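**Student:** Single-letter residue listing:
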Amino acid sequence: MEPIVIIDYGAGNLRSVQKAFERLGHRAVFASDPAALADAPAIVFPGQGASPPAMAALERDGMGDAVRAAIAAGTPFFGVCLGLQVLLERSEEGDTACLGVIPGTVKRFDGRLKVPHMGWNAVEPRGEHPVFDGVPPGSYFYFVHSYYAAPSDEAWVAGTTTYGTEFASVVARGNLVATQFHPEKSGEVGLRLYDNFVKHLVRPRAT
Amino acid sequence: MPWYAGYAMLTKRIIPCLDVTGGRVVKGRSFVGLRDAGDPVELAAFYDRAGADELVFLDITASSDGRDTMIDVVKRVSEQVFIPLTVGGGVRSAADVRRLLQAGADKVAMNTAAVLDPAAFAEAAEAFGNQCMVIAIDARRVGHDGPAADPGLLADDHPGRRGLALGPDSRWEVYVHGGRTPTGIDAVKWAEYAVGLGAGEVLLTSMDRDGHLDGYDLELTRAVADAVPVPVIASGGAGNPSHMAEAVSDGPGGGGADAALAASIFHYGEFTVAEAKRQMAAAGLPIREATS
Numbered sequence: 001m002e003p004i005v006i007i008d009y010g011a012g013n014l015r016s017v018q019k020a021f022e023r024l025g026h027r028a029v030f031a032s033d034p035a036a037l038a039d040a041p042a043i044v045f046p047g048q049g050a051s052p053p054a055m056a057a058l059e060r061d062g063m064g065d066a067v068r069a070a071i072a073a074g075t076p077f078f079g080v081c082l083g084l085q086v087l088l089e090r091s092e093e094g095d096t097a098c099l100g101v102i103p104g105t106v107k108r109f110d111g112r113l114k115v116p117h118m119g120w121n122a123v124e125p126r127g128e129h130p131v132f133d134g135v136p137p138g139s140y141f142y143f144v145h146s147y148y149a150a151p152s153d154e155a156w157v158a159g160t161t162t163y164g165t166e167f168a169s170v171v172a173r174g175n176l177v178a179t180q181f182h183p184e185k186s187g188e189v190g191l192r193l194y195d196n197f198v199k200h201l202v203r204p205r206a207t
Numbered sequence: 001m002p003w004y005a006g007y008a009m010l011t012k013r014i015i016p017c018l019d020v021t022g023g024r025v026v027k028g029r030s031f032v033g034l035r036d037a038g039d040p041v042e043l044a045a046f047y048d049r050a051g052a053d054e055l056v057f058l059d060i061t062a063s064s065d066g067r068d069t070m071i072d073v074v075k076r077v078s079e080q081v082f083i084p085l086t087v088g089g090g091v092r093s094a095a096d097v098r099r100l101l102q103a104g105a106d107k108v109a110m111n112t113a114a115v116l117d118p119a120a121f122a123e124a125a126e127a128f129g130n131q132c133m134v135i136a137i138d139a140r141r142v143g144h145d146g147p148a149a150d151p152g153l154l155a156d157d158h159p160g161r162r163g164l165a166l167g168p169d170s171r172w173e174v175y176v177h178g179g180r181t182p183t184g185i186d187a188v189k190w191a192e193y194a195v196g197l198g199a200g201e202v203l204l205t206s207m208d209r210d211g212h213l214d215g216y217d218l219e220l221t222r223a224v225a226d227a228v229p230v231p232v233i234a235s236g237g238a239g240n241p242s243h244m245a246e247a248v249s250d251g252p253g254g255g256g257a258d259a260a261l262a263a264s265i266f267h268y269g270e271f272t273v274a275e276a277k278r279q280m281a282a283a284g285l286p287i288r289e290a291t292s
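Chains as they are written, first to last, in the numbering used here: chain A, 1 to 207; chain B, 1 to 292.
Just so you know, these hints were derived from the structure itself, not from any lab.
Some hints could be false.
[Stated by the list, open to error] Restraint-style ranges between C-beta atoms, simulated for each label pair:
| id | chain 1 | residue 1 | chain 2 | residue 2 | range |
| --- | --- | --- | --- | --- | --- |
| 1 | A | F30 | B | D68 | 20 to 26 Å |
| 2 | A | R68 | B | R92 | 40 to 46 Å |
| 3 | B | G163 | A | E128 | 29 to 35 Å |
| 4 | B | V142 | A | E128 | 41 to 47 Å |
| 5 | B | D117 | A | A150 | 35 to 41 Å |
| 6 | B | G251 | A | T160 | 37 to 43 Å |
| 7 | A | A150 | B | P159 | 21 to 27 Å |
| 8 | B | D250 | A | A35 | 48 to 54 Å |
[What the hints assert, rightly or not] DSS-like, lysine-lysine: derived pairs with alpha carbons at most 30 Å apart:
| id | chain 1 | residue 1 | chain 2 | residue 2 |
| --- | --- | --- | --- | --- |
| 9 | A | K19 | B | K75 |
| 10 | A | K19 | A | K199 |
| 11 | A | K199 | B | K189 |
| 12 | A | K114 | B | K189 |
If you're wondering where the values come from, they're calculated on a predicted model, not measured in any experiment.
Note that CB positions come from ideal geometry on N, CA and C, so glycine has one too.
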């Protein structure tokens, strides 16, 4: 299989994402050129930091269009943290227009909570998405974020977490899965999620 | 049920702290089953298996050669261990922060440099996001016999000379240079100010308690946890798991912290992370149970 492509648009440390896939025996390379997405067997879309500069970077060099095209073409796609949030239509963070792949908005946590929501919290799967294969319900994953995705169509919600409010910590449909938490920072269960992505969403298409 | 009923599902974190110099972890005991207890990668993997929620690596080297060695340590650890990694010690500028993040750190802690040059801390937070910037504060109770702050330490226009300065109600003072130098700054006010500069987390060490193994300074911890809207890591004084439970308890008398950091009790093997977590869970605290 050709290597998995990790999109590099200047939003945070990508090294641990790459190392996580390598640990699992899957080659992964960085790409900052939108053209590299067209032939990718799978795409990982990480991200940290704030939505406004991230969206500006994505729109500046055409990466945003390439992301939309790859998802529409059915390329297996894994978004992480900010890489989930920018898939929605709009973010309250700087009132930013996002990629609009998923209907809904990104909201800020209640001001009475400690923000960022930082640490290990439980994820309850909704439905039976294959990324949860072998992952017990209520497993803990590592979160660092101040905003959360609120898809307007509940069918997108594949897992939920509660922090003041219950929010979508995993969204998925077809070839696309995205997590608000960081699988590459969530120990064994996190690596399991990446492995399941390759096993169930990427490999069946690649062969 | 209160509006924040689901709040407790976010678990309280246990964070072992490792002091590193010359690419080696100091203070380590001889861990059973480890080939090399001074090797940062082996120790990090050991703590990961034991259920540590995060790791803090503190660079205690002063030289610039040591800095390069630390970058290498961070690279090697982050390739092998898939839990969050905070790195601190001698971080002076946004450029230093960038190098550590690129090496694989998830968060970077600034202490002395943030006090002496708050703009440097703000610059790093602006560039890399609040979520990866930790303000490390060494605080000491006022009213002891130590020397007063040198008036020349802070620049003329530094807020530590005005609004953040110690006042009649101040109870803890910020110290810098590894706890050797008093600043005349109120620790609680400094924590609030640093969050305004862009700190996403506070690593709060009680110098009065550090090394004494008789429990955290719960009043200090509570004062800062109540004052800031970001997570607080309690540090200094852990001697057993019930001290850690007190530090993160939100109940009356508890420290109200989000995480408890400890070095000695884990390094010297008095308690494992897993044992600490079992005791804390038994005390009713939300804890991520160790998997192995």
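**Student:** Hints first: check each against the structure and report whether it holds.
**Tutor:** Going down the list of hints, with the structure as the test:
Against the hinted window of 20 to 26 Å, the Cβ-Cβ separation of F30 (chain A) and D68 (chain B) comes to about 24 Å, which satisfies the hint. Distance hint for R68 (chain A) and R92 (chain B): a CB-CB separation of about 42 Å, consistent with the stated range 40 to 46 Å. In this structure the hint that G163 (chain B) and E128 (chain A) lie 29 to 35 Å apart at CB is violated, the actual value being about 56 Å. A hinted range of 41 to 47 Å for the beta carbons of V142 (chain B) and E128 (chain A) is inconsistent with their spacing of about 59 Å.
One distance hint, 35 to 41 Å for the beta-carbon pair D117 (chain B) and A150 (chain A), holds here, with the actual separation near 39 Å. A hinted range of 37 to 43 Å for the beta carbons of G251 (chain B) and T160 (chain A) is inconsistent with their spacing of about 27 Å. For A150 (chain A) paired with P159 (chain B), a C-beta distance near 38 Å fails the hint of 21 to 27 Å. Range check, D250 (chain B) to A35 (chain A): Cβ separation about 52 Å, and the 48 to 54 Å hint holds.
Taking the CA atoms of K19 (chain A) and K75 (chain B), the gap is about 11 Å. The hint holds against a cut of 30 Å. Taking the CA atoms of K19 (chain A) and K199 (chain A), the gap is near 17 Å; set against the 30 Å cutoff, the hint holds. Distance check on the hinted pair: K199 (chain A) and K189 (chain B) sit about 51 Å apart at the alpha-carbon level, beyond 30 Å; violated. Taking the CA atoms of K114 (chain A) and K189 (chain B), the gap is near 18 Å; set against the 30 Å cutoff, the hint holds.
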